[in-house]
Amino acid sequence: MTRSAFAILLVAGLAPAAGKPVEFNRDVRPILSDNCYACHGPDARKVKAGLRFDQEKSAKAATKSGSTAIVPGDVKSSELLARVTATDDSHMPPAESGKKLTKEQIATLTRWIEQGAKWEDHWAFTPIKQIEVASGKEQGTSPIDSFVQSKLAEKGLKPSPEADRVTLLRRLSFDLIGLPPTPAEVDAFVNDQSANAYEKVVDRLLASPQYGERMAAFWLDLARYADSVGYHGDQEVSVWPYRDWVVRALNANMRFDQFTREQLAGDLLPTPTLDQKIAAGYNRLGMMSAEGGVQPKEYLAKYAAERVRAVGGAWLGLTTGCCECHDHKFDPLSATEFYRLEAFFADIQERGLYGGEDFSPYLPLPTDAQAKKQAELDATADKAAKTAAGSRAVFGIAAADPVVKKSVAATKARDDFQRTIPKTIATITVKPRPIRVLPRGNWMDDSGEVVEPGVPAVLPQPAKKAGRLTRLDLADWLVAKDNPLTARVLANRLWKLYFGAGLARKTDDLGSQGEPPTHPELLDFLASRLRADWDLKKFVKLLVMSGTYRQSSVTTPELREKDPFNLWLARQGRWRLDAEMVRDNALAASGLLSKRMGGPPAHPYQPPGYWSFLNFPAREWKNDTGENLYRRGLYTHWQRQYLHPALLAFDAPTREECTADRVRSNTPLQSLVLLNAPEFVEAARVFAEEVLTTGGATSDERLDFAFRKALSRAAKPAEKETLTELLTKHREQFRTDAKAAKELLATGARPANAKLDAAELAAWTNVTRAILNLHASVTRN
Amino acid sequence: MFSPTRRAFLGRTAQGVGSVALASLLADRALSADKASGVLSELHHPPKAKRVIWLYMAGGMTHLETFDPKPKLAELHGKPMPESFTKGQQIAQLQGAKLNAYAPQHPFKKWGKSGLDISTLFPHLGEKCADDLCVIRSMHTDAINHDPAHTLMNTGSMIPGRPSAGAWLWYGLGSEAKDLPGFTVLVSTGKYGQSQPIAARQWHSGFLPGKFQGVHLRGQGDPVLYVRNPKGVTAGQQQDVIDAVAKLNRLENEAVDDPEIATRISQYELAFRMQTGVPDLVDFTKEDAKTLELYGTKGGDGSFASNCLLARRLAERGVRFIQVYHRDWDHHGAVKDHSAGTAKEVDQGVAALLTDLKQRDMLKDTLVVFGTEFGRTPMAQGNGRDHHLAGFSVWLAGGGVKGGISYGATDELGYHAVEDKVHVNDLHATMLHLLGIDHKKLTYKFQGRDFRLTDIAGEVVQKVLS
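Which chain is which? The protein sequence lines are A and B, in order. Heads up: the first sequence begins at 0 in numbering that gives the first Met the number 0, then just goes up one per residue. Heads up: the second sequence begins at 0 in numbering that gives the first Met the number 0, then just goes up one per residue.
Hints are computed from structural coordinates only; laboratory data are not their basis. Take these hints with a grain of salt, some might be off.
Have a look at the derived ranges for each label pair, beta carbon to beta carbon [unchecked claim]:
#1 D141/B - A81/A: 38 to 46 Å
#2 Q348/A - R359/B: 53 to 61 Å
#3 P93/A - R359/B: 44 to 52 Å
#4 D300/B - A745/A: 28 to 36 Å
#5 K440/B - K19/A: 27 to 35 Å
#6 G354/A - K440/B: 43 to 51 Å
#7 G466/A - S40/B: 57 to 65 Å
#8 Q358/B - P556/A: 53 to 61 Å
#9 K230/B - E731/A: 14 to 22 Å
#10 S40/B - A737/A: 48 to 56 Å
#11 D300/B - E731/A: 34 to 42 Å
#12 L42/B - A43/A: 36 to 44 Å
#13 D88/A - K343/B: 52 to 60 Å
Note that beta-carbon positions come from the ideal geometry of N, C-alpha and C, so glycine has one too.
Just chain A, with the same shape it has in the complex (with noise of 0.2 Å):
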């Protein structure tokens, strides 16, 4: 398709028809954001001529010229229209801006004044309505497609028909636990007579303890989870125990409100346990710095910023950091209340510059043992140093002395010994240091007022009470039953991993410039579901068990030409795997994958040098050895100047900021990743093992074998020509060059089978190679 017949074909379908009713917050709010708000909107500073777009008042009221921007059902005496279409220099927006409406937008203004210029408030900050929906007439229909289909019948397209039962067990499985079903898992699922066959194996999954870890992976990138602190010398940091906690409470299945409190604020809530000491380390999770040189004040200044960021990211689905140095231009978010969130965070005991590799404060996290030991050993220090000072006391002995060397010698085993014990780093509450509001972000201009805690007034409120509000009032606030955002913020994220998009599209952002929902009852009903009880797994069946879900992702010719980017959901979503599953997946398939959880990071293969740009100090990435090298990439060191770059290469972010929206891309270094790195070359020979040791006896067979491991069906006919074909010819060249095969089964550091014929092995290395790098095998359908 050429990409105006492509652009037409956008615009007839999208611009509401002519006579439709044009409905403000779908069709108007965002020509008005997108093009006037930067000098008509919420930015207090920037208003233009008194006139502001963002509130029904201002557009529709007489401005000083004495013209009026908005007369409803009056298009000639609409200034905002003459001004849109007007060929002088009157012209909005002005040249400078860069922008100017389309024939299509001025179409939609002009309708809407036409029929009366109903206003509406913006969605997202709307009370999220209660909405119920009965059932469907159909025997296990779920509410979820009582909407989907009313706007496909809306739109003229009908459901797909459900997807085959591997397609779904396929789908489900990575879904819910990131990694493939196994040939018996298929075969059991295909088998099923029972009628609630396909609830068993969401139960099955959602009960998994690999659920928790592909959960975490979604919200580790929102939490900017990283093991390393990201500034200049990006030193390590531990912090493992709280990437850990997280895949605990998400198969704990922890309340989402509990889940909440525990991050932001567990360390202040009556008696803390460990565990929820170690949630709140959250909230150290930003970037810290360590260079010489850093001015202490813009250091704090910078992590505080981030820290609403953040959260902002996280929990309110609005983009706030434009509020550190102005108001918002597009929502109705000032700089004050930007640094009135800072404050809610100014009790955290932190460095604006950090010293060498002290990212303190640390909770130590000690087993038992440990901990008795440590006792032990603090108390041999604390002896032999008072015998040393009493010795010196009465003698005034020197360093030489065996007392002082016996007091030196104990405080180095215990300090050793310290070292060995696991800990996170952990947030402390100090009394709050003063926050000011920054004049445009300057952190050196004190000339600010010093702001309290305290939340968007363009939102409800959170309950009076006296003295200043804390961490835990802002974790309360979050999850508040009236708070609009966090119940569809969340909501549509767990739609997106489910469907592939969000039912608002931009998930990164709800606000005016983000898009409204295309089934906005839809999802109030599951925001609504959501905050009933905050109960994920719950929510994550209510999605997964709709027939939505279950419909074949397959699309038609006239399913393309009528909805392109499937925003009615006449078919599921096809993506690749994210980056973690990717490694995954490969592991998966070839029997290497380690099911071992948790735990300090895990180093896999990293290309030597990759870390020869790191410094202070410099240092060397080491191939863990054994089943750590095996681990789920979730588990892999995140290191976030030089992420691993198998996970660099398939967009996984570097965790540098909250990142709600992974890209997702489709390059050549995806290829040379999966062709060429020696994680997926060793998997794929030993893969080849099991399909040689196990697979059958023909290759026929064999073939059948190895795509119903790492496909989960069996290889088509004209498949296996062409495979047979690389098979036959591979085999001959590694016959008469054993060096080569050799060389090929030496990579990675599981040995090979020394029983198998060496050509023979490298050659079916090459067929699970290419099994490996085909797209269904990267892709989630």
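Chain A is already provided as a structure; the job is to place chain B on it using the hints.
Relative to the frame of chain A, chain B by itself:
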């Protein structure tokens, strides 16, 4: 300009459609790996340069020993800096210390027909290229520490997560390179400064599609990560595997008709071309002896000079943005010896690069930027200099800039840029201008805002344009 339909398309008219998805989809269409065209189907004005080679003196190059002569500073040597210069100013490692003036440690000389003042630390550059250089002496930045200063210099903002300049250019203009990434990064490390870290963030594509990420061409191991076939696999076998994958992918596509499959197939083709293109790129045996002598390297030794030669080879192959870091300019101590040492590490290579580009008639459409993340204090830090954001120097040469001139000035002590000040955003605006791009119009919508390389500022420095 964007055509109206295209604008409508990328903008809010298509509301209801995920415009981010849409934009990246478009980018994919426009930039299907083997085409030169970027998202800008037409440039905003005729370009003067087609590509950029950005020589990045990492660590904070002293302007006072290199490109900004300050005789008055010598007169004040050892005496307190007047408070009128330093009061209320940001200070890095000298926080709380006495601030005494420190004389320039190397003499300057007038070079070439233009008589451009350049330090005697750069004899090759002065001798051969002074008349090609446009030295900007009035640079200033907002960050006083390496990490955020690099981030600002590369992405136009101190906040991590924005695309770097090379990613923007590749996205906007595409690349003519058939078998190489359109944005490549080379890094050498010298012997004199503290080896300050460089984060991969400096060449990250930020919120742009991942394919626009800069690719680091490494001096050791595989030149591009994972570019070598697995051990024991021949080029022919690799081709067989890729062919089999393509064949099976096409079969799949017959069943499901998914445009991502076609993209995947073309990315494998490009990957394979890179597997042959990269070794050819780093094969210096075809360079003649005269050229090697000019650069003073045999090539492939990881030196700055070798990377300059590699930069020329990349430019010849149509790579859009080539960034050459030299990590050696952080001279907190012994600035006299260390600036001399580091300058010697770069002087011949950079002069050779300009000369070589010129003799191949490529300088006229190549913009060469010689820059750094910030300058160094006129005040002493022992016998060195601390980080300095208020004034420093960079120079431009080649496509569309005047040669043999200096532009702007710092005050008499080299502290503040005072005349014709040029901010980092202005430098970016000027670079984009030379490539035919209005910096306000190369935008990408992310989190509801039209982001651009120049953030919310940037003026083209008109007076340096030829």
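Practice prompt. Can you let me know if the beta-carbon spacing of G354/A and K440/B is within 43 to 51 Å?
Written response: holds, 46 Å
Worksheet item: So the hint says 27 to 35 Å: do the beta-carbon atoms of K440/B and K19/A match that?
Response: holds, 34 Å
Worksheet entry | Status of the given 53 to 61 Å range, CB of P556/A versus CB of Q358/B | Given range 53 to 61 Å: holds, Cβ gap about 56 Å.
Worksheet item: Per the hint of 44 to 52 Å, is the separation of the Cβ atoms of P93/A and R359/B within bounds?
Response: Check passed, 45 Å falls within 44 to 52 Å.
Discussion item. Just to be sure I understand the hint, the distance between the Cβ atoms of D300/B and A745/A should be within 28 to 36 Å; is that true here?
Written reply: holds, 30 Å
Worksheet item: Honestly, do K230/B and E731/A meet the 14 to 22 Å range at C-beta?
Response: holds, 20 Å
Worksheet item: Lying within 53 to 61 Å: is that true of the beta-carbon distance Q348/A to R359/B?
Response: Distance hint for Q348/A, R359/B holds at roughly 60 Å.
Discussion item. Looking only at beta-carbon atoms, does the pair D141/B, A81/A fall within the given range of 38 to 46 Å?
Written reply: The hinted range 38 to 46 Å holds for D141/B and A81/A, with Cβ atoms some 42 Å apart.
Worksheet item: If you check the beta carbons of S40/B and A737/A, does the distance land in 48 to 56 Å?
Response: Check passed, 54 Å falls within 48 to 56 Å.
Discussion item. Within 34 to 42 Å: is that where the Cβ-Cβ distance between D300/B and E731/A falls?
Written reply: Cβ of D300/B to Cβ of E731/A: about 41 Å, so the range 34 to 42 Å holds.
Worksheet item: How does the Cβ-Cβ distance of D88/A and K343/B compare with 52 to 60 Å: does it lie in that range?
Response: Hint holds: Cβ distance 58 Å, inside 52 to 60 Å.
Worksheet item: Per the hint of 36 to 44 Å, is the separation of the Cβ atoms of L42/B and A43/A within bounds?
Response: holds, 38 Å
Violated hints are absent here; each numbered hint is respected by the structure.
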